[in-house]
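Colleague: Here are the chains, one letter per residue:
2 protein chains.
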Amino acid sequence: MSEFANITIVKKANVYFDGGVSSRTLRFPDGSVKTLGFMLPGEYTFSTQDPELMEIIDGELEVLLPESEQWLKVQGGESFNVAGNAKFTMKVIKPSDYCCSFLK
Amino acid sequence: MSEFANITIVKKANVYFDGGVSSRTLRFPDGSVKTLGFMLPGEYTFSTQDPELMEIIDGELEVLLPESEQWLKVQGGESFNVAGNAKFTMKVIKPSDYCCSFLK
Numbered sequence: 057m058s059e060f061a062n063i064t065i066v067k068k069a070n071v072y073f074d075g076g077v078s079s080r081t082l083r084f085p086d087g088s089v090k091t092l093g094f095m096l097p098g099e100y101t102f103s104t105q106d107p108e109l110m111e112i113i114d115g116e117l118e119v120l121l122p123e124s125e126q127w128l129k130v131q132g133g134e135s136f137n138v139a140g141n142a143k144f145t146m147k148v149i150k151p152s153d154y155c156c157s158f159l160k
Numbered sequence: 057m058s059e060f061a062n063i064t065i066v067k068k069a070n071v072y073f074d075g076g077v078s079s080r081t082l083r084f085p086d087g088s089v090k091t092l093g094f095m096l097p098g099e100y101t102f103s104t105q106d107p108e109l110m111e112i113i114d115g116e117l118e119v120l121l122p123e124s125e126q127w128l129k130v131q132g133g134e135s136f137n138v139a140g141n142a143k144f145t146m147k148v149i150k151p152s153d154y155c156c157s158f159l160k
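As they're listed, the protein sequences go chains A and B.
Count along the first sequence from 1, add 56, and you get the number used in my numbering.
Count along the second sequence from 1, add 56, and you get the number used in my numbering.
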């Protein structure tokens, strides 16, 4: 799916790590929430509340998932899940475009 | 207005200057188009087709508008218009969040 229709978007960007990561919050008619975000090369640690599905639309990174000691390489077209109430770290190698779905 | 409702968003980011500028395209029910974008510090020259209204949601930059020799300082909450079929240059001083409206 290349577009999301019939959504509400919050105008103001979510900004992290001095702009190294920025995203927009989308709300869907069914109440679910996603963010569309962009990451420049760098290393970033995030904390989750709900479990998340991170879909990498374009780019290249490595992710260290919670409870894991193995860095996982992820490229455009691939995705990974992150448990809720956990931390994960990404080493962004190429500027990366992502869609994050918050799973209830 | 802090949100846009009932819109269609293109999932894939528009990426310029190696990610120094990235944006998302929003289509509105009346057919109009806007982008919500984010710029990291740097100097960027863009070309317009339609005239544009650039609303700076947050951040700080200077803009050199077409036919002008005077850099204009623009901060969050302020906006500027750019003529169609023209070039303009922005010196982004602080990471800046913007909304660009394409005017028919």
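One should not assume that every hint holds.
[Said to hold, decoys possible] Mimicking DSSO-like on lysine-lysine, the simulated pairs with C-alpha atoms at most 30 Å apart in a straight line are:
hint, chain 1, residue 1, chain 2, residue 2
1, B, Lys160, A, Lys150
2, A, Lys67, B, Lys160
3, B, Lys160, A, Lys147
4, B, Lys68, B, Lys143
5, B, Lys147, A, Lys147
6, A, Lys160, B, Lys150
7, A, Lys129, B, Lys67
8, B, Lys67, A, Lys147
9, B, Lys160, A, Lys68
10, B, Lys143, A, Lys129
11, B, Lys129, B, Lys143
12, B, Lys147, A, Lys68
13, B, Lys67, A, Lys143
14, A, Lys143, A, Lys67
15, A, Lys129, B, Lys129
16, B, Lys67, B, Lys150
In short, the hints are calculated from the structure, not lab data.
Colleague: Each of the hints needs a verdict: does it hold here or not?
Modeller: Outcome of the hint check:
| no. | hint | verdict |
| --- | --- | --- |
| 1 | B:Lys160 with A:Lys150 | 36 Å, violated |
| 2 | A:Lys67 with B:Lys160 | 22 Å, holds |
| 3 | B:Lys160 with A:Lys147 | 42 Å, violated |
| 4 | B:Lys68 with B:Lys143 | 25 Å, holds |
| 5 | B:Lys147 with A:Lys147 | 28 Å, holds |
| 6 | A:Lys160 with B:Lys150 | 36 Å, violated |
| 7 | A:Lys129 with B:Lys67 | 22 Å, holds |
| 8 | B:Lys67 with A:Lys147 | 22 Å, holds |
| 9 | B:Lys160 with A:Lys68 | 24 Å, holds |
| 10 | B:Lys143 with A:Lys129 | 40 Å, violated |
| 11 | B:Lys129 with B:Lys143 | 17 Å, holds |
| 12 | B:Lys147 with A:Lys68 | 21 Å, holds |
| 13 | B:Lys67 with A:Lys143 | 25 Å, holds |
| 14 | A:Lys143 with A:Lys67 | 27 Å, holds |
| 15 | A:Lys129 with B:Lys129 | 42 Å, violated |
| 16 | B:Lys67 with B:Lys150 | 26 Å, holds |
Figure legend: structure checked against the earlier numbered hints; hints not met, in rising order: 1, 3, 6, 10, 15.
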